[in-house]
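> Build the full structure now, drawing on both the sequences and the hints.
First to last, the sequence lines map onto chains A and B.
Residue 300, in my numbering, is where the first sequence stops; the numbers in between run on with no holes.
Residue 300, in my numbering, is where the second sequence stops; the numbers in between run on with no holes.
To be clear, the hints were calculated from the coordinates, so they are not data collected in a lab.
It is possible that some hints are incorrect.
As the list makes no split between identical chains, a pair holds if one copy fits it or if it spans any two.
[To be verified] No farther apart than 20 Å at their CA atoms in a straight line, the calculated lysine to any residue pairs in the SDA-like style are these: (1) K235 - D217; (2) K235 - A211; (3) K235 - E215; (4) K193 - S179.
Protein chains: 2
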Amino acid sequence: MTSSDSARTPGGAVVLDGNRLRDEIVVRLAADVAAAGSPPVCLATVLVGDDGPSQRYVRNKHVQAAKAGLQSRNEILPASAGQAQVEDVVGRLAADPTVHGILVQSPLPAGDDPRYDEEAVLRLIPGDKDVDGLTTESMGRLMRGLPGLVGCTPLGVLRLLERYDIPTAGRRAVVIGRSMLVGLPLTVLLARKGIDATVTLAHSRSGDVTALCREADIVVGAAGVARMITASHVKPGATVIDVGISRTEAGIVGDVDFDAVQAVAGAITPMPGGTGPMTIACLLENTLTAARLQGAFPGL
Amino acid sequence: MTSSDSARTPGGAVVLDGNRLRDEIVVRLAADVAAAGSPPVCLATVLVGDDGPSQRYVRNKHVQAAKAGLQSRNEILPASAGQAQVEDVVGRLAADPTVHGILVQSPLPAGDDPRYDEEAVLRLIPGDKDVDGLTTESMGRLMRGLPGLVGCTPLGVLRLLERYDIPTAGRRAVVIGRSMLVGLPLTVLLARKGIDATVTLAHSRSGDVTALCREADIVVGAAGVARMITASHVKPGATVIDVGISRTEAGIVGDVDFDAVQAVAGAITPMPGGTGPMTIACLLENTLTAARLQGAFPGL
Chain A
1 MTSSDSARTP GGAVVLDGNR LRDEIVVRLA ADVAAAGSPP VCLATVLVGD
51 DGPSQRYVRN KHVQAAKAGL QSRNEILPAS AGQAQVEDVV GRLAADPTVH
101 GILVQSPLPA GDDPRYDEEA VLRLIPGDKD VDGLTTESMG RLMRGLPGLV
151 GCTPLGVLRL LERYDIPTAG RRAVVIGRSM LVGLPLTVLL ARKGIDATVT
201 LAHSRSGDVT ALCREADIVV GAAGVARMIT ASHVKPGATV IDVGISRTEA
251 GIVGDVDFDA VQAVAGAITP MPGGTGPMTI ACLLENTLTA ARLQGAFPGL
Chain B
1 MTSSDSARTP GGAVVLDGNR LRDEIVVRLA ADVAAAGSPP VCLATVLVGD
51 DGPSQRYVRN KHVQAAKAGL QSRNEILPAS AGQAQVEDVV GRLAADPTVH
101 GILVQSPLPA GDDPRYDEEA VLRLIPGDKD VDGLTTESMG RLMRGLPGLV
151 GCTPLGVLRL LERYDIPTAG RRAVVIGRSM LVGLPLTVLL ARKGIDATVT
201 LAHSRSGDVT ALCREADIVV GAAGVARMIT ASHVKPGATV IDVGISRTEA
251 GIVGDVDFDA VQAVAGAITP MPGGTGPMTI ACLLENTLTA ARLQGAFPGL
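Here you go:
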């Protein structure tokens, strides 16, 4: 993408448009599926309980899956389902050769009774079907550089950097937040051969990270601390990516103080419309990758 | 350890004495085993071929294991052994409840015939017996923060930092080298809750890392580039740890230019006698941890 056809913020930063890239990826995936003779590549989601936001997330995943030419299936269990019932459903999907990707919508319902052992559920998902990239197997493959599935959110960050031609090799990236979902895998991913960033992993015990961030070419906020990244954290021209989510009285807020930072940054993700849609796009990409890892359809 | 009873370099840096700490750890492990009634905790090594250095490494591991009160067993296969034979031996050790830790000495003999699939061999080692911390399962557990076994070399670095009271929380650490054996797991380990360093992972594509290192409280050389870390890389008083190994005409050389750096650093590992002996100490520690993970002996 040349900078001329990218939207800009009032301060002149390139907008890293996650909605646009998600749509591009969906179109590309649909073309890939069609070119392979439209085999029934299937994503299965498992939804336990009736949490409103979880239901919406899952519904959105199915809508986008259909646009990408993917089949999908939603296994719904009541909040009263026990551990054994959840494990039974996931185990059946794991064994089912017509299912290529499995996603257990998290969080599983909280409360003391029933209380779920999420780890035990994840263990049932084979590495080649783990489209969330969350299991021990997937994390281990990422560390060992083996073929496998990478978490949708970190992969989405990488796809944005690639799409907007943000250089990474030899550049300094700072990832703020050491979560298993984002910070840790993204650190490993950005440091990988071929991506080659020099990556700093900062977190809540890092103290003041302003100076650290100011040296970085790429800053990723994944701490879940509302608007912690201000203009003073950002080197002029740097790329700033917001993965943080905080629920405040003013609604959902990211880690980046967008209005201030956009005036300094060279490129920035909007919130919403940045990394959020990319997470879904990468879930669909992972579903196709999963089918390929399984050798499910020749020609795919 | 108070600084008063630590050896110092001519320039005044505390010597991070790996031989001494290894001996302390061996004594402690032997006491732990004795206190549990001397159960037969067993480390099994698998040695394929007749490479001289590999034979010496394995022999040393058995000598130290005996000092730590551990049983050990060495499975020796000829260089002509095929993949199936190696897998058969490892598979039997995996299934044997009297074996608590399994280490396959690497590298397996090179050459086109036989050519080993090391990944397939590693896959046979259960996570709870993986005393090298090398398998996909162990790497995944490290990422997910689950109980498991961490690679001996990164764990050895951590044990040195702990033993010499080098503060890590909120401090900046730079790890140079992104290997699966050292750099990647050490980055994750140092950033973990409870250790809490702000970690930068640098590597061969990072270009000049002098400025980066100069900001660090802890510098770990794990790149395998002879004497790449010079005095100009080190902030006065910083801790410098050498994990690098290069074979030069002058013998085995580390990543750290010891003579120059010791005059600037606050603490430094010698080479030899720094991280090398710690790797063996942590192999033995891991063997005990493995037996505990397996619940092999009550009271251990």
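> Could you check the structure against the hints above and give me the numbers of any it violates, in ascending order?
No hint contradicted; all consistent.
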